[in-house]
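Residues 109 to 282 in the numbering used here are what the sequence shown lists, from first letter to last.
Just so you know, these hints were derived from the structure itself, not from any lab.
Heads up, the beta-carbon is just placed ideally off N, CA and C, and yes, glycines get one too.
It cannot be assumed that every hint is accurate.
To be verified - Cβ pair distances, simulated, as ranges:
id	residue 1	residue 2	range
1	V273	N168	48 to 54 Å
2	H177	L127	31 to 37 Å
3	P257	S125	28 to 34 Å
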Amino acid sequence: MDKYQVELKNCIDIFLSHLIRSTAQWINKPKFHMLLHLPDSILCFGPAFLYSTENIESFNSVRRKSAVHSNKQGPGKDIATTFHNYKALRFILCGGVVYDLETGLTSKFLPELISIFVNNPAMERSFGYNDAINNSSKAYPFIKRVPVPELEKINPPLSLQRKFVDFNKFGNSS
109 MDKYQVELKN CIDIFLSHLI RSTAQWINKP KFHMLLHLPD SILCFGPAFL
159 YSTENIESFN SVRRKSAVHS NKQGPGKDIA TTFHNYKALR FILCGGVVYD
209 LETGLTSKFL PELISIFVNN PAMERSFGYN DAINNSSKAY PFIKRVPVPE
259 LEKINPPLSL QRKFVDFNKF GNSS
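Sequences are here, hints too, so could you generate the full structure?
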């Protein structure tokens with residue numbers, strides 16, 4: 109663990125030095141400052157699972173966009189209304205069913221209405237939807253085929269060999 113801590117601190121220092129050389133303004137961002145605390149956090153709490161901030165950043169951009177379009181009189185209420193509208197739109201686009209209290213009947217939204225959004229990238233962008241970001245799971249994780257040198261190839265433990273008889277030592281089906 110000591111060797112890992114030293115290597116991690118060196119990598120962080122190298123990264124920050126490259127960052128400072130590119131532009132000194134970036135170093136003031138809290139996200140980069142947090143990297144300096146990462147080795148100590150790993151010592152205290154173990155591996156840094158979910159250290160990513162992309163989802164939080166994405167949410168903040170939606171919240172910020174809602175606040176910008178507020179009338180500044182009641183920003184909390186305006187943001188809540190915007191999020192309510194987003195949820196209603198999501199309900200419609202996911203094919204939600206509406207129940208009418210007066211008639212007791214249910215109805216669905218027409219596929220033509222849904223297709224206006226689904227099949228129209230310009231409409232998606234106007235609502236702030238980015239398909240490449242939201243469907244990144246199509247690309248990741250992916251299997252990366254890297255040839256292993258013969259000297260580094262080892263057989264798996266016998267218990268795994270017995271359990272997975274159909275697989276050879278290279279992980280391919282027999």
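The hints, checked one at a time:
Look at V273 against N168: about 50 Å separates their beta carbons, and that is inside 48 to 54 Å. Under the hint 31 to 37 Å, the C-beta atoms of H177 and L127, about 33 Å apart, fit the expected range. For P257 and S125, the hinted distance range of 28 to 34 Å is satisfied, since their beta carbons lie about 33 Å from each other.
Hint check: no violations occur; every hint is consistent with the structure.
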